[in-house]
Amino acid sequence: MDLVVGASESTVKSLLGKLGGLLAQEYTLIRGVAGDLQYINDELGTMQSFLGDLGGASREKQDKRMRDWTKQIRDLTYDIEDCIDDSGQRIHTPRWLRSDICCYFLVNSAYEVVTWWPRRDVAGRISGLRMRAQQISERRQRYGVNNPEIKDKNAAAVDGFDAAGNQDTSVELVAVKDPVGVDEYMRELESWVTDKAKKAGVLSIVGYGGVGKTSIATALYKKLGDQFSCCAMVTVSQSSNIEAILDSIRNQVKPKSSNQELRHGASDKNGLAAACLDGLQGHIRRGASAFKAKCRCLGTSEETQGGTKRNQLNNELRDHFQQNSYLVLIDDVWAASTLEDIRKAFPQPNMHTKEGRIIVTTRFPAVATARRGQEGDRVHKVVPLPLEKSGVLFGQAHSESKPSEARTIPDEAWKICGGLPLAIVLMAGYVACNAHKHLIWDEIYAALFPDKKRRDEMKNGTILNPASAEAGKDTRKGLTQEELARIVSHCYNDMPAEIITCSLYLGIFPKGSRISRKRLIRRWIAEGFVSEKDGMSVEDVAETYFGHLVRRKMIRPVEHSSSGRIKQCVVHDMVLEHIVSKASEENFITVVGGHWLKNTPSSKVRRLSLQGSDPKRAKDIEKMNLSHVRSLTMFESLKQLPTNSFKFGTIVQVLDLEGCTDLKEQHANEICRMLLLKYLSLRRTDAKELPKTIGKLENLETLDIRETKIVKLPKEVCGLERLVNILGGDKELRRALKLPEEFVKKQKMKGLRTLSGIEIVGELEDLHHLTDLRKLAIYKLKLTGDNANLKLSSSIQYLCGYSLHTLVIHDETSDFFKCLDEMTTPPESLVTLELSGMMVHLPVWITQLYAVTKLTLTMTALRKDNLSKLSNLKTLFSLTFTLAAEKQGPDTMAILAKNKLFSDGQIIIPNGGFENLKLLRLCAPLVPLLIFSEKAMPKLERLEVRFKMLEGIYGAENLASLKEVYLTLNDKDGEVITKYIAEEVRSAVKGVAAKESIARIILHIVETD
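Residue numbers (full-length UniProt numbering): 1 to 1009.
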């Protein structure tokens, strides 16, 4: 099995930085161990060079001794890092002692006496670690572990990944692409799903891993979901909890409050379903432990309790599906019994039931045919693509990966993949990222197909004929799962070592979950996987790492933000399975629960991911050695952890509890004793306030408390000088985070780069000291004092001269907006600008925003003159006009009415202008007649309109690049006229002969009370 050296090399590199810092800080050194530390530092430096050479060596030349020796280096590195971090906590020098020189000499002696025992203990541990380092070095010579043979000496000369040369500033809007090469039977499947003649049915899509089952099912779900009253999508896999699956379906299909609809983006059902899946999948799983305790008290078996809960869910879902049409996607079913248990939640079709469809994907024909003979059901076998369509898919994926050089691509590049879409896209990423190299395909074939006969067969490109396969005349075996795994491994191992390390981190997240780009990047930085390089900041380098994983096709974007940047991504099941296996082999990540059937680790746990889908695995946590945990991620409830488990976290640096329930005050207090914590996320938890002891977390870099009930930061936070990101508030609910007065008075935290979701009240308007600030999002303004608005405006203008490129201001009074024209220098550096309030006229400098790509304004500024000004912004990618429900007062409605008269009762998008706009979004109770002139918005891909009343849309046929139209009605009373408008738009777009594809018209109706 291949050895992943990326994690080991990155760990050594991070540790060398810590050792250097420790050696440089004389006041933290323990007497008598400076020599030991220096020896360890020098020895690890040599070991890092060895690991770097190993990363560029041929995998086949790495024998068992070399691999074993590398693991010894890894384990030693982990233990040294633990020792250093633990000593930093146990021999913690108080802040007042470090800063107050006057009392230093007076108190220092007493302080050394108090810390005598931990100093002695740490000194003994360091001495033992030096001895281990020496023994490992001697063992290598004793057993003849040779230096690795470099497979490409020129490549080895390059110092790691070229971050500067791999920056990608491109933006997109539509993330999910339709599957390639399946047009014929996609039309048949679409007809089956939308056939009104049948009441219900199950479509089973069967095929082995990597053949494209989920892509086809997701395309059907996305394209046809708007034709059903409710939709849901769940992932099942090997380890399944029926109650969790049913609960996830229930939370997706049951009506939601208006706030929930707003939060999850009701205009896109696929996005809504996937968002619900991430946050709600497995909601019931966390109740298993509570059931056990209750059952003991009542003398009732767990099975009885579980059965009762399942019966309740079955009854609730059956009643709902009886009255509403539905489309449900159940992905990756491994057992026929599991599917049958889920099917019990759906009603039997009769004359009173609504139309319903279930789409199932599975690797096993036995699951697909278990219900053979059921009326209305259909089984579709997915087979590999023929050679011609394999080439089309390869070309598409290759161009998306943006190769650095234009070169002729040999047919071997896709012949090698046996028609499997997963293998094709991975190989496309591999070829695109190696455009500067001469790939020797004979060697690649030999590595992937050791058997010569099989190798010759693949070279000839004998691809399975779909028609023959459907008729049962298949004469050639497709790629076996083992061969596909070799291709995945080959493409994966070809990545640079630091990228491999970052990719291993993906194993923390559950199968099928959407992973936030920003969340992932911030965690990489906190773990020390990323450092400044080529004159780029650590955040920018991390962005290039993420972009490289996208180019390599190791991760797939599924959602882009309105600015065109990737917002969320997913990892293919087989790629994630490979990553989890490698991470487990390296003792990089330990996963408990979830979809993976893994044994309880016998070694020290370094990074723990509690996914908790299997309650029976909860006891595994109690058997683990958690004293070495550096990263803890939980996806459900804190009840999964044994009592007082947070007390083990002496060296925890990353604690991610996003979406967890059952967070108590006790937990918050224990968290604040994790003195080495760098990343803390309590997002969407039950947290209500932060304890004052949070001031002890001197190493904290990221504090994420968004969508919680925390409305005020304690003043102790102002002493956390290493904070880089403060993320608070709730944008959809207009809830803001109040900063303490000390924030401005002390003027610390000068390293802040993100200050989001805050409320500025009183005289907290002076922000001049935050010169590193990149993003400022103010959700509420309540300024007092003379010239307070001018002072804040001056601060913003000053910061724009440094790093500020994202500015969000919600001003209910709109007093501040009147001061924007007073800026003497336009904020030309702004890339994103959002101004929300009663604003009729735009700032005079808005036409000088030469870098702005995303602009969000209030509906009150939607006037003909303002549109004319904005049309000249060459870089504008996304334009949004919105009016929140709570702002619909008499003054606002009067302004809207006046605007309508000013524009002759209609909104006319002028000819020319808006050259690069791809997204136009309007959200208001009343949207006047929209008219798109000829040649208006030539690159517009998506039009979104949310309203209670829409007067019409004319000229949609003039939008040459239009791909998607979302019409969201907030009042069911207007359903008839809205359907008429949607049909008019559909007919207009369909009538354009030059248009390559017809735009999707999505009509979503939100029932309101």
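Keep in mind that the hints were calculated from the coordinates and are not lab data. We put the CB at the ideal spot given by N, CA and C, even for glycine. Hints are not guaranteed to be accurate.
Claimed, not checked - Here are the simulated BS3-like cross-link-like pairs (lysine-lysine), alpha carbons at most 25 Å apart as the crow flies:
1) 354 - 199
2) 874 - 963
3) 712 - 748
4) 177 - 748
5) 354 - 344
6) 864 - 389
7) 709 - 696
8) 738 - 750
9) 775 - 567
10) 979 - 223
11) 437 - 381
12) 898 - 864
13) 196 - 972
Stated by the list, open to error - Each pair of labels, with its calculated beta carbon distance range:
14) 949 - 437: 55 to 61 Å
15) 746 - 131: 42 to 48 Å
16) 316 - 786: 57 to 63 Å
Hints, one by one, checked against the model:
no., hint, result
1, 354 - 199, "7 Å, holds"
2, 874 - 963, "21 Å, holds"
3, 712 - 748, "18 Å, holds"
4, 177 - 748, "47 Å, violated"
5, 354 - 344, "16 Å, holds"
6, 864 - 389, "48 Å, violated"
7, 709 - 696, "22 Å, holds"
8, 738 - 750, "18 Å, holds"
9, 775 - 567, "16 Å, holds"
10, 979 - 223, "18 Å, holds"
11, 437 - 381, "38 Å, violated"
12, 898 - 864, "12 Å, holds"
13, 196 - 972, "23 Å, holds"
14, 949 - 437: 55 to 61 Å, "60 Å, holds"
15, 746 - 131: 42 to 48 Å, "46 Å, holds"
16, 316 - 786: 57 to 63 Å, "60 Å, holds"
Checked against the numbered hints above, the structure violates hints 4, 6, 11; every other hint is satisfied.
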